[in-house]
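Engineer: Both chains come to you apart, so use the hints to assemble them.
Those sequence lines, one after another, are chains A and B.
Okay, so the first sequence: first residue is 1 according to full-length UniProt numbering, each after it adds one.
Okay, so the second sequence: first residue is 1 according to full-length UniProt numbering, each after it adds one.
Some clues are possibly wrong.
[As the list claims (entries may be wrong)] Derived BS3-like pairs: lysine-lysine, alpha-carbon spacing no greater than 30 Å straight-line:
hint: 1; chain 1: A; residue 1: Lys38; chain 2: A; residue 2: Lys127
hint: 2; chain 1: B; residue 1: Lys16; chain 2: A; residue 2: Lys352
hint: 3; chain 1: A; residue 1: Lys287; chain 2: A; residue 2: Lys305
hint: 4; chain 1: A; residue 1: Lys411; chain 2: A; residue 2: Lys305
hint: 5; chain 1: A; residue 1: Lys13; chain 2: A; residue 2: Lys151
hint: 6; chain 1: B; residue 1: Lys298; chain 2: A; residue 2: Lys337
Since the hints were made in silico from the structure, they are not lab data.
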Amino acid sequence: MGSNGAGKSTLAKILCGLTPRNSGDIVFNNVPHSPVSKQDASSAGIVIVMQELNIIPTLSIAQNLYFHDLPTTRFGIIDRARLHSDAQEALARVKLGHLNPNLTAETLGVGQQQLLEIAAALTQDCKLLILDEPTAALTDPEIETLFEQIKQLTAQGVAILYVSHRMEEIRRISDRVTVMRDGRRISTYDTKDVDQKTLVREMAGKEIWSTSHTPSDLSEAPVTLEVRKLANPPLVQDLSLKLRKGEILGIAGLVGSGRTECLQTIFGATPADSGEILVNGSSVSIKHPSDAVRLGIGMIPEDRKSEGLLLSQSIRANATLASHDTFSSLGLIDQTKETLETQSACGGFSVKHDHSEQAVQELSGGNQQKIVLIRWILRDSEILLLDEPTRGVDVAAKESIYTSLRELAAKGKSILIVSSELLELMTLCDRILAFSGGQVVQEFTPDNWSQEAITEAAFKAYLEPTIDKAPNK
Amino acid sequence: MKKPTQNSPFALSSLKEYASMLAIWIGLIILFSLLSDRFFSAATFSSLANQIPALTLVAAGMTLVIITAGIDLSVGSILGLAGSVFGISLLGWGLPLPLAVILALVAGSLAGWVNGWISVSWRVPSFIVTLGMLEIARGLSYLATDSQTMYLNGALGSLSRPIAGIGIPVTFIVAIIIVILLQFILSRTVFGRRLIAIGTNEQAVTLAGIRTQGPRVAVFAIAGFLAAIGGLFYTSRLGSADPNAGVGLELSAIAAVVIGGTSLMGGRGSVINTFFGVLIIATLESGLAQLGASEPVKRVITGAVIVGAASLDAWRNQLQGGALGFLKKLVQR
Numbered sequence: 001m002g003s004n005g006a007g008k009s010t011l012a013k014i015l016c017g018l019t020p021r022n023s024g025d026i027v028f029n030n031v032p033h034s035p036v037s038k039q040d041a042s043s044a045g046i047v048i049v050m051q052e053l054n055i056i057p058t059l060s061i062a063q064n065l066y067f068h069d070l071p072t073t074r075f076g077i078i079d080r081a082r083l084h085s086d087a088q089e090a091l092a093r094v095k096l097g098h099l100n101p102n103l104t105a106e107t108l109g110v111g112q113q114q115l116l117e118i119a120a121a122l123t124q125d126c127k128l129l130i131l132d133e134p135t136a137a138l139t140d141p142e143i144e145t146l147f148e149q150i151k152q153l154t155a156q157g158v159a160i161l162y163v164s165h166r167m168e169e170i171r172r173i174s175d176r177v178t179v180m181r182d183g184r185r186i187s188t189y190d191t192k193d194v195d196q197k198t199l200v201r202e203m204a205g206k207e208i209w210s211t212s213h214t215p216s217d218l219s220e221a222p223v224t225l226e227v228r229k230l231a232n233p234p235l236v237q238d239l240s241l242k243l244r245k246g247e248i249l250g251i252a253g254l255v256g257s258g259r260t261e262c263l264q265t266i267f268g269a270t271p272a273d274s275g276e277i278l279v280n281g282s283s284v285s286i287k288h289p290s291d292a293v294r295l296g297i298g299m300i301p302e303d304r305k306s307e308g309l310l311l312s313q314s315i316r317a318n319a320t321l322a323s324h325d326t327f328s329s330l331g332l333i334d335q336t337k338e339t340l341e342t343q344s345a346c347g348g349f350s351v352k353h354d355h356s357e358q359a360v361q362e363l364s365g366g367n368q369q370k371i372v373l374i375r376w377i378l379r380d381s382e383i384l385l386l387d388e389p390t391r392g393v394d395v396a397a398k399e400s401i402y403t404s405l406r407e408l409a410a411k412g413k414s415i416l417i418v419s420s421e422l423l424e425l426m427t428l429c430d431r432i433l434a435f436s437g438g439q440v441v442q443e444f445t446p447d448n449w450s451q452e453a454i455t456e457a458a459f460k461a462y463l464e465p466t467i468d469k470a471p472n473k
Numbered sequence: 001m002k003k004p005t006q007n008s009p010f011a012l013s014s015l016k017e018y019a020s021m022l023a024i025w026i027g028l029i030i031l032f033s034l035l036s037d038r039f040f041s042a043a044t045f046s047s048l049a050n051q052i053p054a055l056t057l058v059a060a061g062m063t064l065v066i067i068t069a070g071i072d073l074s075v076g077s078i079l080g081l082a083g084s085v086f087g088i089s090l091l092g093w094g095l096p097l098p099l100a101v102i103l104a105l106v107a108g109s110l111a112g113w114v115n116g117w118i119s120v121s122w123r124v125p126s127f128i129v130t131l132g133m134l135e136i137a138r139g140l141s142y143l144a145t146d147s148q149t150m151y152l153n154g155a156l157g158s159l160s161r162p163i164a165g166i167g168i169p170v171t172f173i174v175a176i177i178i179v180i181l182l183q184f185i186l187s188r189t190v191f192g193r194r195l196i197a198i199g200t201n202e203q204a205v206t207l208a209g210i211r212t213q214g215p216r217v218a219v220f221a222i223a224g225f226l227a228a229i230g231g232l233f234y235t236s237r238l239g240s241a242d243p244n245a246g247v248g249l250e251l252s253a254i255a256a257v258v259i260g261g262t263s264l265m266g267g268r269g270s271v272i273n274t275f276f277g278v279l280i281i282a283t284l285e286s287g288l289a290q291l292g293a294s295e296p297v298k299r300v301i302t303g304a305v306i307v308g309a310a311s312l313d314a315w316r317n318q319l320q321g322g323a324l325g326f327l328k329k330l331v332q333r
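Next up, chain B with everything else stripped away, as it sits in the complex (with noise of 0.2 Å):
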């Protein structure tokens, strides 16, 4: 029998996909760059790497709840209750270092958990649930830390200072290494298979003889914990773990889970199209702060850059499927 090559038509129109953001991407620095002479610079990058990894964690997390045809509202509160956990650990009880990062995922993890278990067992959209959960979480890191910004005095502050040599940040490492990780279970695990195939047709999965509860409470409860380490993150970035962090970051995640091409009806997504999302956001910002464009205007410029992707990938399907008909009509012939 012949070697099968039919892997490869999957491989490649893949790779072709994530070099579409690639381009767009790319596309975008060289408009920077031709508009500001300041733009194309080592800083810019550098602080670019810097201010990316809790959205690109956040948003890896809400790819795969939204493949599952679900959505996390709550990932900023979490993000917040993170830090806020872990300041009041650190600061308020005195409890060591490791402990507090453990603590801090933990309470993450949980509130994610929570979502997916009310969310699954008692049939109540993931919309509502998380929504609610996005007021809870942001009130309990209020009630942890009084609502107070509390300072650290520069612990976990190493994670967000450029490495020597390289300008980038362990946090963008870790970001990096994780959106691999994730776009690698997505792909290759019967894990990733599942979420994908719940996400199309959980009717369909469950007379498949699968359980479908699991995986739909897991992804959750890992948005939830990927929040967490976005929460600690932030809190190394800003040296401070500030009540208030993540405020509407969760828009900002479905922003560039949708820029890259991953369907709100779930099924379908690519993480690492999202992290492209998140470059192409931050890049936008980051340049048009350059230009000296005001808030407002960055803001109407951005949201413009949403639809218009989202339009773009809508439209670049419709083209797919009518292509697609033509061949099929032709060999039908």
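If we strip away everything but chain A, and leave its shape as in the complex, we get (with noise of 0.2 Å):
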């Protein structure tokens, strides 16, 4: 465990030969081990999922998964029968034996692309296996799927060097914990020996603790943002939905439940089929995400790097990027207001930074994240749609970004939060919406909610369809 930047994917990456070490030694199995290359470990046995994707979208599945060793014929041809059938099974070890091995990998959705390169790694044979953040983007059936893989693993005699930073995770799965911090390793601990603060102030290095936080019923306040039988298939049906002034309304559900592709269509990045929006009460028409800021609406998307920033730009560029007109006149942008503005900004949202000119992809994630939700504030967007803004980002980033989305809605902001962290939406938020096929299922409030009530809830209304289905068989 550590936070971001503590060195556990760099160590991750010199034991699979993908980072050279200037110095020490690595002993496996009772072996010096000095990979060169990713085969090379791999060879030696030990074998890695890492933290980014690693497929190749535009082959098939079976291909991304025999990448390493596809197998064929005498004369080097491809064999596709087999490669179809090994892939198959590899495909039900991590119960995804409904996909067709020849979809091409870009069909699947962020999740079932994890699990396809978790499913590779286990088609290879090896006697260290080593899972870096492997839950960032799976839902909670997908992450027992892989723990059940990995006790399979582990009562084969494979063992796991499980890197994370999601406490229950490592509470659950591990029999060990080491905390890494700096690129040293502070501790280890037996799990069943350690407790939760311990772990959290020592990957920390200082104290952290949630601030608390008391939702208020806002049930009176105005509605800012109404949904309405919004449908836009397949992923969004029948879709209703009341968010209030200066409140904070989650949304919980499993990807592919249609809680990203809901944002999506209220902000006009896919524009709804039918349904309609009302914003203040009247009915607007958005078809493109231009129509949703000119109506005060701002989204902040699930992938910041490739959906939400200009990397090698400049933070005063990506900053001011949707409100080029209140910093220019006649055309001509105002530098020094835009400067002025942005570097305000980022002190009020204690972005670490050195200076405003600074391209972004040299912040840390959870900086880089700030830098999108200012480019709203300077927007002065009433009704902000944020897509998992916590994702990849450590614990004292999360408290800072929580602190601030607090603020605005205080300030009476709307904001509407779609999250995979049950306990960043409960922290959070003032009511939650259960999210399942396309549509609200359940609404949550302070009240009733718990995190089995709410995991439930996006869970029954997913099987309903099966056990309907069962009797007809």
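Structural biologist: Shown next as structure tokens:
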């Protein structure tokens, strides 16, 4: 364990020959281990599933699974039949048996792609499996599948090095836990002997406490965003919700429940087929994100690097991207005003940076996310749609983002937030909607919410169709 | 609050960037002056100033297109088309000079606009659309002129004649003004900012609520318009409308853009550095010619310089990233 930048991934990469080491020795099964490539490490029995997805989107699922060692016929031609059957078997192991191995990998969602990578690693004969943040993109049932696999592997004598900053996962599946910080090992414990507080303290190097939050009852506040029977098949069906002024409304749901698509449809990134969107009580037409932005809606997309940021551009250019009209007259950009407002916003959100001309790719994930948030603050958007705003962000930066969001809500902004982490929603939100099959299946308020109840709601609706089908068989 | 001094590192670094291109150009001049005693003369610079305006304009337009992560292979043909339209309007149809100029400019802009419109609305890569336009525009200029070179009897000739006392022609001054104007548009206006942003990550720009189609079509229209001015300059210099004008010019333009450090991936570039790229290519050719190098040798050396410049740029960026990464680590500690 360790927060971002602790050196966990670097350690994993060194073990797998992806990064050279400067000094020191590695001993693996009593033999010195000094891999110079990933193949080298895997032939020694060390296999890694990396944090960043490594699949080749244009190849088929089957080819991705066996890319390291494609079965061939005598003439060096890919043996399609064997590949197909092997792939089906490998997919079944991670409960993706329903997928056609001939589909291209890009047709899969992020969660499924992650499982595909894990399946690919499992096809190799390994003695040590390194999983670097394997659950970042997974939903709860997918995580369960992964954990079952891990248990089976450990029973077979495979050692697992599991890198994560999710406390509950570590507690559930690990025997021992090592905390890293600033590239050093801080401590190692037997998992059962250590409490969460100790681990968090050692990861952070200082005490971090969750700022307590009192959800407010805003049922009397004016509705700023209302969605009526919105449809955008296949993932958004008959969706209705109301977001009130000053409210933080959470959306909980599995990947594929239409939660991301819901935000994208409201924002006009994938315009709705039918249904009605009302902003401040009047019906509006949103066909393109520019319509939504004009109406005071801002969105933080799920993948900040590919959808949110101009990575090579300055903080200033990123922060003001949505408000060129307020920072210019007659088409000329007022750079002084830009710089001043960007600096003061970065100060307000305590963005760790050197200066506002720094390229955002040099910032850490949490600070990058704050820049996307600042973009909508500078735009003065009244309604914010946030898709997994703390994904891949370390504990300290998360707290800081939570504080910012609460301040924004207190100032009267309306926030709709999608998150896979229920604890996050429960510390942040005034209300939570459980999502399934593209619609709201249940509404939770602080009086009746609990992790179990929300998870159950998200699942129940998911399983219903198969239960219906069962008697027909 | 303190005055925002944070603007200055930005301004300084871009000045520094022009300086390195300027230094390379001056280095070339010194090199050729040492190698040939005839090189460093007013005549050399006067002929450079007379030769480069058309390529400068075409390369400037190309810079904008490449910054949006597109490419325009049709600029050479559009240059030829504009010259041909000008010639046929003036001589074939007997139209007055200003109208002939306007028609040529409209033809070039229209061809550019069509490039952009098809590429953006039908989602066809600009490489393919402009490859088609390269053929279409060339074919049209042959059709317009009946494949004949038309002699203009001095129309527009004064544009390319050196102004007495300064030794440089009007075309050169116009080209310089346009380069400075485009650089200003690129770095100071909303339009320029959006071009760079689109070239960096179009998806992010769209999700920031900006419609990207308009600017993307506009750069192609601008490239067409500039190629048309280039066509008029070319015509003025030769004194004739040649349907073969500008064959292969798109490659020289891309070379100038690349030497100027503009990224073919989009999102980064400078019109002024493209101008230096043009200067470097032209100086190299003229210097080699004075040394008596044969055409084949000239081409080999020019090619090597293009690859060398691009590699140098890639290497410099890597170095910068490394240095910054190191600084970042220091700060975090």
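Engineer: Against this structure, judge whether each hint is valid.
Structural biologist: Hints versus structure:
1. A:Lys38 / A:Lys127: With a Cα-Cα distance of about 14 Å, the restraint between A:Lys38 and A:Lys127 holds, given a limit of 30 Å.
2. B:Lys16 / A:Lys352: Roughly 27 Å between the alpha carbons, so the hint for B:Lys16 and A:Lys352 holds.
3. A:Lys287 / A:Lys305: Holds, because 24 Å separates the two Cα atoms, which is no more than 30 Å.
4. A:Lys411 / A:Lys305: Holds: A:Lys411 and A:Lys305 sit about 28 Å apart, inside 30 Å.
5. A:Lys13 / A:Lys151: holds, 23 Å
6. B:Lys298 / A:Lys337: Violated: B:Lys298 and A:Lys337 sit about 50 Å apart, past 30 Å.
Figure legend: structure checked against the earlier numbered hints; the only hint not met is number 6.
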